[in-house]
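Novice: Here are the chains, one letter per residue:
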Amino acid sequence: MNIEGYNRKWERTANRRRLLLLVLIGMTALVASGYMAMALPHKGTTAIEVAIVIFFALLFGWISIGFWTSLLGFLMILRKKGLWQPTRHLKLEYRDADILPTTAVLIPIYNEDVADVFQRVVAIIKSLQQTSRAERFDFFVLSDSTDPDLWIEEELAWEAACRETDAFGTLFYRHRMLNIKRKSGNIADFCRRWGIFYEYMVVLDADSVMSGNTLVRMVQIMEHDASIGILQTVPVLIGQTSLLSRLQQFSAQMYGPMFAAGLYYWQLGDAQYWGHNAIIRIAPFMKHCALPRLSGAPPLGGDILSHDFVEAALMRRAGWGVWLAYDLDGSYEMSPPTLIEELMRDRRWCQGNLQHLRLLFTRGLFSAHRYLFLNGAMSYISALLWLIFLSLSTVEALSIALFEPDYFPRGVSLFPHWQVWNPQWMMVLLVFTMIILFVPKLLSLVLAIFIRREAAQFGGSPRAIFSLLSEVFFSTLLAPLRMLAHSKFVIITLLGGKIGWNPAIRSDQGTTWRQAFRFHGGGMIMATIWGGFVFVINRYFFWWLVPVLGPLVLAAPISYWLSRPRPEAGRLHFGCFLSPTDVHTPHEVLLTRKPLPYKNRPASGTYLHLSGFTRAVVDPWVNCLHRSIRPKRNHKVSISIAARLDRLVHKALALGPRGLTVSEKKQLLSYPTSLVRLHQMVWELPDGDMAKSWGVSS
Amino acid sequence: MRFVFDDALYVSAMMEKHPKDRSDRNLIQTEDLLVRQDTENWQQGQERVLRYLKAIGVSPVQSLELAFETMKRTAEQMAQDNGKHSHPTGVAMRLLGQVLAENGYSVIPVHLTDIVRHTESAHRGCDTSSCGLPPQLSDVLLVMPKLKRSRMFPEMQPPRILRTLLVFLTSRKNASSRSQL
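Same order as they appear, the protein sequences are chains B and W. Basically the working numbering = 1-based index in the first sequence + 2. Basically the working numbering = 1-based index in the second sequence + 30.
Just chain B, same shape as in the assembly (with noise of 0.2 Å):
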């Protein structure tokens, strides 16, 4: 197949869509911004009110591309297939005796809840072995887990999934000591000790899960079309029971299909990598995607955090393209349980797309690529210029009630510049706002209940009209909370000041009013101060202030209550927020609900209440399970490390586990000689504090 030549004709098609997108984007951005110019008592003449008209102007461009990018995609997907599809391969026959090439499905983690992770990866399993294509496709788990205590319950829980699935030989394992640029090296250090076995590989997250048809499918779209390097799904959330997350989870069953067929539209092969639920094509990957370290010091240097955009890029700039297979189903993955943690999620990604505009002048890149940077770096840097805009009104509104208007302000005149301030055009503009920001909602209702005739998977109706006013609601009360905390975000790394990517907590645990206080008390002694200032002084402003000031003074027990975990299985919020996969919970989604007993290894044994590390010292079968699993070394161990493990060895002795470090377990899980040579020095203490402390003792 000639890649350049079959490039060249989307590319010819992808820059006439891309160059309407934009025409319709400076169109909208201009009418907007001359209401607003019209609106203002100045008519934008002085410095302040040019400042708001040229903010206002960027924000309004920027919301019109989720409005354009749906309306575009809602006659997509009335079109129903596009010319240059991924997925119209899947309309041809495939032979059973078609043999797909070996693919590799990697779930890179990193101190995740065990349990979690190993049931969803044994429900892909058992989803993919109801396919006859099983056998084409190993299973990696590639742990960073720094905790010694999770790195053994990794190992037990791998031990009983592949009893559970008979998975021997199919479901790997593979713990790395040093977290070396955390997911991308991870998965580059996949690639270079495996990745020559194997033609593909699918990366998933912790929380992704897939179908095992979804699986086979992306396979055959891959060999069918050669040019693709990287083919991306839009994965379904599903799983969380706070009203946050089943929010977004409506949301994103709602609208998230109308979004992505826009996206596709205008994309095609320049489409982004989210890094995960994708398929990539491995020997480009490895030959053009490996990363560099940045220059200078985090958070603009340093590793790159945001790996995904940056892969795609590249992806791109080596002639592969990046696909978007916007209506392959069966993919799925978390969203975060509280408004905390998804705030906690945005800071480490405002930080990584903020390092992406070091990349933007990249030899070689096309330019949607560097428009996707810009794209990434200004979904958080939108929320300072609007919280600037804000500000900016504020002072505009302040200065016409404190001081005198200057009617001749260009000096001795006949005719006196009167500042009128025109509500009528403000609220032209309000609607306008609305349409923008509200009718994507409404056309996909439309899309839902008459089109694709899919209302009783949103049960019914009146539910999904419910559920989506609801939403609207919601929505507007999480806008300003999230705007501020962006802007924290976004002056922070600024600033100089990084964060570490921790752990994500997928747990459904909820948000303690101490927590919700201490993340948003900031914000909410801010609004107050403001507001009170506005309503002293330019009582009618305020009241155009109280959507955005309101939801900031209530920020702590908005995000208490909308964090709150379901109190009940099967309860609905208000009866609403019903989604596809609540009315027909798909069959590998049902499996991540089937616990895996991996902590009750073997029946008969009498040591599961010891944590990880601990157990691993006694418990003879999950000794033995550790040392085999450890990479077996061909070279001795130096002097100077043995003595290192001997003192370690007899530290443990003496001060029980809790008188280890991490480090220092670590290092004793590290070495299996150590390991047994401890194992069998613990059974010989007698009953005592020390055997009690390492529940020897009878």
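A portion of the hints provided could be inaccurate.
Stated by the list, open to error - Calculated cross-link-like contacts (lysine-lysine; reagent style PhoX-like; alpha-carbon spacing at most 20 Å):
id	chain 1	residue 1	chain 2	residue 2
1	B	653	B	694
2	B	128	B	596
3	B	183	B	289
4	W	178	B	289
5	W	84	B	694
6	B	668	B	653
Unchecked claim - A few chain W positions that, by computed beta-carbon distances, are all more than 10 Å from chain B:
id	residue
7	74
8	95
9	102
10	107
11	110
Unchecked claim - Interface residues of chain W toward chain B, partial, derived using beta-carbon atoms under 7 Å:
id	residue
12	86
13	90
14	120
15	123
16	174
17	177
18	179
19	182
20	184
Honestly, the hints are just simulated from the structure, not real lab data. Ideal Cβ positions, reconstructed from N, Cα and C, are used throughout, including at glycine.
Let chain B serve as the given structure and place chain W on it in line with the hints.
Specialist: Relative to chain B, chain W alone:
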């Protein structure tokens, strides 16, 4: 079941030492305590051995036999050493490995041996790392496939245009400082 040291033995030992006067009585009491302590130590050793055998999945009947043999050897060992080893638990646990090996048992838990049934699925040219496992287990405990290393080096050179501006504006001298949210 205390098949080596039981109350009958203790009582008969005491009956032989019939106290005649006060000093003898004190001696008997001290000896009494020592014997009790000694008995407890042996009891602990025996229970420790039984617990270990249970942990590696040996059947209860076999466990009793193996524990009896182990404790017998422990008593012989300690008699030969003339009190060099103060606690029978350590000696018993060291001798247990010998006893298991002689009786055809491995210290490898029985529960892992049923993985042998999955041998047929462990292929595609893979190799295993054993770390002291018997061959039949090392063949099947495939935690990672065989390595075949290849290269993956960055091609991309980040541009220097924005670097100067952005890093200049945002760099801090103390690279380890972190901002708290």
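Novice: Could you run down the list of hints and mark each one as holding or not?
Specialist: So, going through the hints one by one against the coordinates:
no.: 1; hint: 653(B) with 694(B); result: 16 Å, holds
no.: 2; hint: 128(B) with 596(B); result: 12 Å, holds
no.: 3; hint: 183(B) with 289(B); result: 18 Å, holds
no.: 4; hint: 178(W) with 289(B); result: 16 Å, holds
no.: 5; hint: 84(W) with 694(B); result: 18 Å, holds
no.: 6; hint: 668(B) with 653(B); result: 14 Å, holds
no.: 7; hint: 74; result: 5 Å, violated
no.: 8; hint: 95; result: 19 Å, holds
no.: 9; hint: 102; result: 18 Å, holds
no.: 10; hint: 107; result: 13 Å, holds
no.: 11; hint: 110; result: 19 Å, holds
no.: 12; hint: 86; result: 5 Å, holds
no.: 13; hint: 90; result: 11 Å, violated
no.: 14; hint: 120; result: 4 Å, holds
no.: 15; hint: 123; result: 5 Å, holds
no.: 16; hint: 174; result: 5 Å, holds
no.: 17; hint: 177; result: 5 Å, holds
no.: 18; hint: 179; result: 6 Å, holds
no.: 19; hint: 182; result: 5 Å, holds
no.: 20; hint: 184; result: 4 Å, holds
Hints 7 and 13, counting from the list given before, are not met by this structure.
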